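Visitor: Kindly produce the complete structure, drawing on both the sequences and the hints.
Chains A and B, in that order, are what the protein sequence lines are. Everything in the first sequence is counted per the numbering used here, starting at 1 for the first residue and increasing by one. Everything in the second sequence is counted per the numbering used here, starting at 1 for the first residue and increasing by one.
Please note: incorrect hints may appear among the correct ones.
[Said to hold, decoys possible] Pairs of lysine-lysine residues, derived as DSSO-like cross-links and limited to a Cα-Cα distance of at most 27 angstroms, are as follows:
| # | chain 1 | residue 1 | chain 2 | residue 2 |
| --- | --- | --- | --- | --- |
| 1 | A | Lys70 | A | Lys3 |
| 2 | B | Lys9 | B | Lys57 |
| 3 | A | Lys3 | A | Lys73 |
| 4 | B | Lys9 | A | Lys73 |
| 5 | B | Lys9 | A | Lys3 |
[As the list claims (entries may be wrong)] Label pairs and their calculated CB-CB ranges:
| # | chain 1 | residue 1 | chain 2 | residue 2 | range |
| --- | --- | --- | --- | --- | --- |
| 6 | A | Asp29 | B | Lys57 | 13 to 23 angstroms |
| 7 | A | Pro9 | B | Arg63 | 27 to 37 angstroms |
| 8 | B | Arg18 | A | Pro9 | 13 to 23 angstroms |
| 9 | A | Pro115 | B | Pro70 | 29 to 39 angstroms |
| 10 | B | Arg18 | A | Asn58 | 30 to 40 angstroms |
| 11 | B | Gly16 | A | Tyr54 | 45 to 55 angstroms |
In case anyone wonders, no lab produced these hints; they're calculated from the structure. In this text the structure is predicted, and so the values were computed from the model without any measurement. C-beta atoms are modelled at their ideal positions from N, C-alpha and C, and glycine is treated no differently.
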Amino acid sequence: AQKITQTQPGMFVQEKEAVTLDCTYDTSDPSYGLFWYKQPSSGEMIFLIYQGSYDQQNATEGRYSLNFQKARKSANLVISASQLGDSAMYFCAMREGAGANNLFFGTGTRLTVIP
Amino acid sequence: DSGVTQTPKHLITATGQRVTLRCSPRSGDLSVYWYQQSLDQGLQFLIQYYNGEERAKGNILERFSAQQFPDLHSELNLSSLELGDSALYFCASSAGLAGASSSYNEQFFGPGTRLTVL
Numbered sequence: 001a002q003k004i005t006q007t008q009p010g011m012f013v014q015e016k017e018a019v020t021l022d023c024t025y026d027t028s029d030p031s032y033g034l035f036w037y038k039q040p041s042s043g044e045m046i047f048l049i050y051q052g053s054y055d056q057q058n059a060t061e062g063r064y065s066l067n068f069q070k071a072r073k074s075a076n077l078v079i080s081a082s083q084l085g086d087s088a089m090y091f092c093a094m095r096e097g098a099g100a101n102n103l104f105f106g107t108g109t110r111l112t113v114i115p
Numbered sequence: 001d002s003g004v005t006q007t008p009k010h011l012i013t014a015t016g017q018r019v020t021l022r023c024s025p026r027s028g029d030l031s032v033y034w035y036q037q038s039l040d041q042g043l044q045f046l047i048q049y050y051n052g053e054e055r056a057k058g059n060i061l062e063r064f065s066a067q068q069f070p071d072l073h074s075e076l077n078l079s080s081l082e083l084g085d086s087a088l089y090f091c092a093s094s095a096g097l098a099g100a101s102s103s104y105n106e107q108f109f110g111p112g113t114r115l116t117v118l
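Guide: Structure below.
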């Protein structure tokens, strides 16, 4: 089974609107971390936000927030007030298990912001 | 700029050849990770080194090897190259190791090396 599933290959959003990018994960380990990365067309991977499995509150970083629903095993990324520069690939990733370090990535969602 | 540097930026070579990709982690980071991003396999973890020692292994082929040197830079060696090895190879670094409670230990990615095997 896939550890990280991103079911939206592509998404469009109007500039200044909010958008939600979906991510579900699969693990039986109670200790894990969830990450979102942005990959613009230039290719670099930019860290956006992190949520630990034991964190009580949803993570927020500026215009990014993570809608963490543990029972549903989902960790959706919400981008508020979209900007043209948000157009990029977005990857959800998981680090599984206490002491583990490597990341499992989803297949990504290509977000296009329309002016 | 993440502070992680990778050289070269682009590499074009022929099947059967051997190449070496180099990574310098952020200052002070002890962990180095290698990832491969290809069209058919997506982003895959290859291997992790921590302070010179191999820490974790992912989907790394036997034709590939890596090491981390005393100055903490790392090299990924790819040999007997095949067309399917064409990919973007990322190096990432983090301060240390994730703790017992899935602590943060954010990974910072380098710009990648784009390998094309002809």
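Visitor: Could you run down the list of hints and mark each one as holding or not?
Guide: Results for each hint:
At roughly 15 angstroms between alpha-carbon atoms, Lys70 (chain A) and Lys3 (chain A) fall within 27 angstroms of each other, so this suggested pair holds. Only pairs whose Cα atoms come within 27 angstroms are accepted, and Lys9 (chain B) paired with Lys57 (chain B) is accepted, the gap being roughly 24 angstroms. Annotation: proposed proximity of Lys3 (chain A) to Lys73 (chain A) holds, straight-line Cα distance about 11 angstroms (limit 27 angstroms). Note on Lys9 (chain B) and Lys73 (chain A): the hinted pairing is violated, with a Cα-Cα distance of about 37 angstroms set against a maximum of 27 angstroms.
Taken as a hint, the Lys9 (chain B) and Lys3 (chain A) pair is broken in the structure, with Cα atoms around 30 angstroms apart against an allowance of 27 angstroms. Range check, Asp29 (chain A) to Lys57 (chain B): about 18 angstroms between beta-carbon atoms, so the 13 to 23 angstroms window is met. The hinted window of 27 to 37 angstroms between Pro9 (chain A) and Arg63 (chain B) holds, with their beta carbons roughly 31 angstroms apart. Our hint of 13 to 23 angstroms for Arg18 (chain B) and Pro9 (chain A) is violated, since their Cβ atoms are close to 35 angstroms apart.
Take Pro115 (chain A) and Pro70 (chain B): their Cβ atoms lie about 51 angstroms apart, and the range 29 to 39 angstroms is violated. Take Arg18 (chain B) and Asn58 (chain A): their Cβ atoms lie about 47 angstroms apart, and the range 30 to 40 angstroms is violated. Gly16 (chain B) and Tyr54 (chain A) have their C-beta atoms about 49 angstroms apart, which keeps the hinted 45 to 55 angstroms range intact.
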